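**Student:** Spelled out from the first residue to the last, the chains are:
There are 2 protein chains.
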Amino acid sequence: MTATGLRLRPLGIDTQQEHVIYMRRDCHVCRAEGFESQTRVEVGLRERFIIATLNVVQSELLATGEASLSTSAWRALGAAPGDTVTVTHAPTLDSLSAMRSKIYGHRLDAQAFDAIIGDVAAGRYSDLHLAAFLTACAGGRMDLQETIALTRAMVHVGDRIDWGRTPIADKHCVGGLPGNRTTPIVVAIVTAAGLTMPKTSSRAITSPAGTADVMETLTRVDLDVTAMRRVVEREGGCLVWGGALTLSPADDVLIRVERPLDLDSDAQLVASVLSKKIAAGATHALIDIPVGPTAKVRSEEEAHRLQALMEQVAAAHGLHLRVLRTHGSQPVGRGVGPALEAHDVLAVLRGAAAAPVDLRMRALVLAGELLEFCGHSIPGTGRSEAWRLLDSGAAWAKFQAICEAQGGLREPGVAPLQERVTAEHAGYVSGIDSRRLARVAKLAGAPGAPTAGLDLHVKLGDEVQLGMPLFTLHAEAPGELAYAKHYLATHPFIKLSDTVAP
Amino acid sequence: MTATGLRLRPLGIDTQQEHVIYMRRDCHVCRAEGFESQTRVEVGLRERFIIATLNVVQSELLATGEASLSTSAWRALGAAPGDTVTVTHAPTLDSLSAMRSKIYGHRLDAQAFDAIIGDVAAGRYSDLHLAAFLTACAGGRMDLQETIALTRAMVHVGDRIDWGRTPIADKHCVGGLPGNRTTPIVVAIVTAAGLTMPKTSSRAITSPAGTADVMETLTRVDLDVTAMRRVVEREGGCLVWGGALTLSPADDVLIRVERPLDLDSDAQLVASVLSKKIAAGATHALIDIPVGPTAKVRSEEEAHRLQALMEQVAAAHGLHLRVLRTHGSQPVGRGVGPALEAHDVLAVLRGAAAAPVDLRMRALVLAGELLEFCGHSIPGTGRSEAWRLLDSGAAWAKFQAICEAQGGLREPGVAPLQERVTAEHAGYVSGIDSRRLARVAKLAGAPGAPTAGLDLHVKLGDEVQLGMPLFTLHAEAPGELAYAKHYLATHPFIKLSDTVAP
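Chains as they are written, first to last, in this note's numbering: chain A, 1 to 502; chain B, 1 to 502.
For the record, the hints were derived by calculation from the structure and aren't laboratory data.
Any given hint might turn out to be false.
What the hints assert, rightly or not - Interface residues of chain A toward chain B, partial, derived using beta-carbon atoms under 8 Å: (1) 14; (2) 55; (3) 61; (4) 64; (5) 105; (6) 122; (7) 126; (8) 139; (9) 253; (10) 257; (11) 319; (12) 383; (13) 497.
Stated by the list, open to error - Residues on chain A that point at chain B, a partial pick, calculated with CB under 7 Å: (14) 13; (15) 38; (16) 103; (17) 131.
Note that the structure is predicted; figures quoted are calculated from it, not measured.
Glycine included, every Cβ here is placed at the ideal spot set by N, Cα and C.
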């Protein structure tokens, strides 16, 4: 142990993302430096340095001369038990002045965003700082130039893949529509057509499932760049989790704080989506914006604003972008939750008789558009080409090959606990509240519990009789099932009317 | 242990404010309920319930069936080792929807503020939520009605003292001017005149010292309402820390997150100041707003806006309010830091020959104004009456009596480490940057280390020769002294010019 060093002792405390260091109140470093709880400190081990929040220990949990780290901090430092770390005051972060300037309503320039995003990606912001930054950028407080600068900063701070060819196809759905899991189907069709589509997806932010959560019930998704390249070179496409790569790493940090805050922000959304696409080497990106009263985007005006922002930011980065606005009045497919949505995807790819028609149609429209956009199909023929590739089994064969290359295809599981919810009176389904529905699926355990969520048995306009099943709750734990039912009791998400909706 | 209970084992981890519960990943409650790290849970013990953030433990730190709490959570629950707590999912906080609405730029009504502030005061907001709420209200995003509603909500959620008489005098300085410690002197003068002035003060938020920090170097300040009443009934006034009372408790919660974020917000400032005054039973409040290029309020326009907001919010709550705008171009007195400022206060009260003239003059102006405002002195005679009470020793006698009633007067300490900083060339003092100066004092350890800070030896306009002392750094730990010097090397706060400033 050096004069200012502390010996690391494992305590196994998982604080999720934020790095925490545990130190004795009476340790010589605390005394000499004058640290208090919640102070930000710099922890060094060999050539690595991280910023951590101090939690003071007032017990014999740690012996004199010892310190401990949260799980994430052990990982970030590459530390082993018994290693000796140095602890000093955290350096002043100049970028926090820029952040405060944004909070006070001032515009930030590119340099300011580079500084902020650099510090975010390096883990130098506390969760409080991250929450403040996200809040300051939410609610329409970022103009076009700021959004372009934020996007560029997020690309620059991470790796950027060069595929050495063009076009490189990509797609993204601006969330909010439960069950709208078209991506695996679109990738299968487009790569079956011979195009290159190296798809990286995220896990859920505020929804019951992200594409990465769904694909994880089918195959391995945490590939590194080398493994991803191997899959793409062999099969022309992949379906991996972007978080295992270092594409736009600041986005991964921000998203983990956005989730508990449940914040939506146009600028953050556009920067998040486009920085990932640009970093992943895409040249042609198709964006699906579902519009509906309870979708993420609720009105045509809002969709138009988001579309214009996306197009302008994409253009500033040399990315070809096409936006499709789709109906977002109700969930797509039947399942909501990772495994339940995977079952729907498999049914469409296998051409099962019971496959959800709406999911199939949406995937065909998107794939057709992408085939034309990338110059593979003559305008007007993309959709029929997509249809041919799906119905011939070519897309299903390609999907299986991609999953095999990623580590093997498996059947998604089924939840041990299921409970049907039935109609309390007869009527027509006149409304499905996607936000409440998503909440129910999350309370039931999705996406953390992969087989949890719910299966819808009705669509808008359907006629139902008293006692007919409306949906089935799926859960892995009784507590979660109870919690979803408790919320449902006061927050039903299916509206039954006496007459057919106009 | 009940079926869903967990036995509490002390770990002694201090996370400062946020309640944290430590649970084993494989514990039956985690498994049954499906909790993950950072989940918000409700922890119950007998009739008390708190919301806490879950940190998962993946080691033998806790045995099966055991859980632990952070220091603040033990305190909030009144828990003892071996107690059995119940843990369930935290209920959905409806007020978070209101908070998000504010983030998205919508106005909030009184009901929304009541809901938010109620949850804040009850500790139901995570630090992330608090950071988001503060950010959403910063930067001029609150209108008058919202500020009135926020103030009212902050008063309602705590206790409110009724002194059964009028006037009840109070004063407050809108910070930003280091060393401007007039409050103890004003209270001594005003109560010596026979008026009632039960003064509650806060600790530093972003400054090197708050009045409570300064008073704590002289006497006991953590009195409860009963003890405070006893002091006021006997002496007509007191100088206590507001945080030990439950006046505007939401403010105490918010301030602890504002501090690391270093955020200023007009609405939050007004609500914080006025809710404390109203809850403390004040009828007449005098507000000192120093205006200067490096003070908190930098321009006459800003001061005017803040004054108008304060007057309107005070009027809406039936509080008589008078604002004095004062010069804020340089620090007041000599010392900056709890004990150093206390020495200045004592020098003025004792009538010491070396007492800082500027601090004395400011205190006399404020006390005189307050004597007139409360109807004690005829307009135009308040200042000479204040002068008489100070120079006759009446104020010093009253101050000693108040400190004795609070628990005894003691001399403030002196820092073990002191280092003079001298002029590197001759010239005139043409500028003193209060923000940088405050930062240096904080890096030297203030206010955590009570005797730390700095002592100024020059004022604006002073002529200095090469090698003359400009100020003396005071520290309790070598690490802190070094840190202050390191910052000073690149951020000097005293500007020397060749000619006298115009």
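**Student:** Each hint: holds or not?
**Tutor:** The hints, checked one at a time:
no.	hint	verdict
1	14	holds, 4 Å
2	55	holds, 5 Å
3	61	holds, 6 Å
4	64	violated, 14 Å
5	105	holds, 4 Å
6	122	violated, 18 Å
7	126	holds, 7 Å
8	139	holds, 4 Å
9	253	violated, 13 Å
10	257	holds, 6 Å
11	319	violated, 28 Å
12	383	violated, 37 Å
13	497	violated, 26 Å
14	13	holds, 5 Å
15	38	holds, 4 Å
16	103	holds, 5 Å
17	131	holds, 4 Å
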